[in-house]
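Use these hints to put chain B onto chain A, whose structure you have.
There are 2 protein chains.
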Amino acid sequence: MSEAVVIATRAREASNPLATTSSQQRDHALLTMGYALVHRQDEILAANQADLAAARERNTAAPLLDRLELTPARIKAMSESLKSLSLLPDPIGEVVSGSRLANGIWIEQVRVPLGVVAMIYEARPNVTADAAGLAVKTGNAIILRGGSMAHASNMAMTAVLASAAEGAGLPKNVIQSVESTSHEVAEELMGLHGMIDVLIPRGSARLIRSVVENAKVPVIETGVGNCHIYVHAAADAEMARRIVINAKCQRPGVCNSAESLLVDSSIHERVLPPILRALEDEGVTVMGDSKTRALGAIMRIKPATDEDWGTEYLDLTMSCKVVSGLDEAIGHINTYGTKHSEAIITEDYSAARRFLDEVDAAAVYVNASTRFTDGGQFGLGAEIGISTQKLHARGPMGLTALTTTKFKAMGSGQIRE
Amino acid sequence: MSEAVVIATRAREASNPLATTSSQQRDHALLTMGYALVHRQDEILAANQADLAAARERNTAAPLLDRLELTPARIKAMSESLKSLSLLPDPIGEVVSGSRLANGIWIEQVRVPLGVVAMIYEARPNVTADAAGLAVKTGNAIILRGGSMAHASNMAMTAVLASAAEGAGLPKNVIQSVESTSHEVAEELMGLHGMIDVLIPRGSARLIRSVVENAKVPVIETGVGNCHIYVHAAADAEMARRIVINAKCQRPGVCNSAESLLVDSSIHERVLPPILRALEDEGVTVMGDSKTRALGAIMRIKPATDEDWGTEYLDLTMSCKVVSGLDEAIGHINTYGTKHSEAIITEDYSAARRFLDEVDAAAVYVNASTRFTDGGQFGLGAEIGISTQKLHARGPMGLTALTTTKFKAMGSGQIRE
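Each protein sequence line maps, in turn, to chains A and B.
Note that our numbering has the first sequence beginning at 174, numbered continuously upward.
Note that our numbering has the second sequence beginning at 174, numbered continuously upward.
In case anyone wonders, no lab produced these hints; they're calculated from the structure.
Every value quoted in this text rests on a predicted model; they were computed, and no experiment measured them.
The beta-carbon is built from N, C-alpha and C at its ideal position, and this holds for glycine as well.
Don't take every hint at face value.
Partial pick of chain A residues on the chain B-facing surface, computed with a CB cut under 7 Å [unchecked claim]: (1) D370; (2) V371; (3) M412; (4) N419; (5) A536; (6) S585.
In isolation and in its complexed conformation, chain A is listed as follows (with noise of 0.2 Å):
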């Protein structure tokens, strides 16, 4: 048996004791794999030093370093992610719906795990705690598939995690990470098939498309984000100039950092050139249409291709199109958003109404920031991401994401007629 057969096979036998384990154990293996971070930082520091030297060897640059990185200070932070993680009510168990059928029996839907969940990331190394707790949290058994950059890092943590949750009283092997590197592996576990419930994939656009392509298990999309801001006829101008920089500049390295700027036709003369000038303050490079760069004396100003309408940046670049109205807008979103994150900037009612139901996206705005896409925002206590198909869970998902229900029937003897 291949590797992802054998952890596969393993993770479905400890899904089910795991999925009747109570809140309390599974509360108390969060705890004390928070604890067991801490207390064996040691073992988890030395990987990381190995992962980083290997890292500096092949000359990576210095952002993608301080990623890698972690500190002390860093795996204190996970460890209190884990702590806080207990601290959040328990979705196993929720009764969501029930009633008392005609013929007499009792039935109820009840929130159960999902059972095996996989993950395939690129991104630091924190999202080895991160998941691992989710998954507990949940009742899920999970297999995590980190990049190689970081695999000594994530090795060593999965190590730990997975002995303290098993020191806690979980069954074995509800945490375990894939030993090898290899490509064949991670295409192995997209196609087990009644294996594995669910694969989330985070990372880059390229990651996620290829497990959307090549995976046989149901997957979560999650991440891409090409956000735009529509600065409308009746938009307050100085509104949209602080919307529009926070919305770029903020963290423009995330997916619900806005990526393109529209605005009115109408108002395109006297609004723009503002916001222009603050985005060039801030570093931003402008690609923008002919009516954007007729404005003229602006400098960072670069002549957009069509390809710029779709591309997210994640970077301080950002493109800018003047639109006839709010036809053009919604029409232009709808065919180049991603359906992440959409804001429109007016003090127009009906504007405002329409917009909200016209653009398909997890989430659309008035007079705010696209930034505030997020869990933690929203207030659903953790985030396993930020969904962007339609399926099972959109936008911002909390734990409920990472759960399934079952229908329980208590009767007394009925058949059917």
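Relative to the frame of chain A, chain B by itself:
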């Protein structure tokens, strides 16, 4: 462009204006569609006669011909179904949750259509009308790909339903059937990621398997049910007999009928013979393990192989195994079951509790027939199918399974600090 891409592009274009139609408009369209089916039944019946003639020429078996045949009474029933659908509450627009965030943003999670739904099916032509109706009710554009045997009937019904929907004021191309019956078109549909929001296969296990294996678009798996009845040591023997007969024989060709009987070894010598005799009276062939066969004197018991434990017969055949107790029963079901519907017959409180908790299935029963797993029986109003996957929807699916949600956030200039 291929036919699949042309049709999906049209559906995508129709889905945006469709999503913002009112309940009134969609319910009016459903009534018009129902009226049109009856009013233009001659066209539909003529097309159906052509399908029937072709099927007879290929020496199709009588039950299949019966499934294929449309009559004025069957058309009337489809029309009535569309009318009933128009009377159900509209799931679209429901505010699922909402709050005022600390920063003053009003946020609400609202139920919206998925967008474009595709269905690949083999079953009776009435699925065409049912699926079109469910799509219109939930504001989704639908792409239908029926079986080749009913092709003329499906195309005729689609023409009638589509023109009625358009005549009633819905956008063009809300209801479309694929003209080509080639496998390539079906495979192409499965690959249209980003254009089709969900694909629902309905039909044989082979069809469903092929869709799951090949689809790159999100899929909802339906249907396959290897359902068990477990007669526990503390069962009421007469209740057990009645439920086994009902679950196996009332309609053996459907997914919620029972395929396998498990009987506790402490009572099997007393309880099993009357059940086996009753099954024999109903013409059921029993595939038994050695202990079942050792009861002797019962004619129809053939030796069961390991393959039998995993087989959905969909016929008057049932496998039968004597188990040592609750642990073996739950283990067997979680190994061989298809996570559809599973039942225990017992008067023991703790055994009932453990079975409900530990059996991993869409519906778990105590002292009732598995035949109740059905949208109508569960009070869902309309049924799209029975999901045997865990993501998005599990068990009988009502109208909400064809919806997703969107977050609407209404601010007053908020930016993220």
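Quick rundown of the hints versus the structure:
{"no.": "1", "hint": "D370", "verdict": "holds, 5 Å"}
{"no.": "2", "hint": "V371", "verdict": "holds, 6 Å"}
{"no.": "3", "hint": "M412", "verdict": "holds, 4 Å"}
{"no.": "4", "hint": "N419", "verdict": "holds, 4 Å"}
{"no.": "5", "hint": "A536", "verdict": "holds, 4 Å"}
{"no.": "6", "hint": "S585", "verdict": "holds, 6 Å"}
The structure meets every hint from the earlier list without exception.
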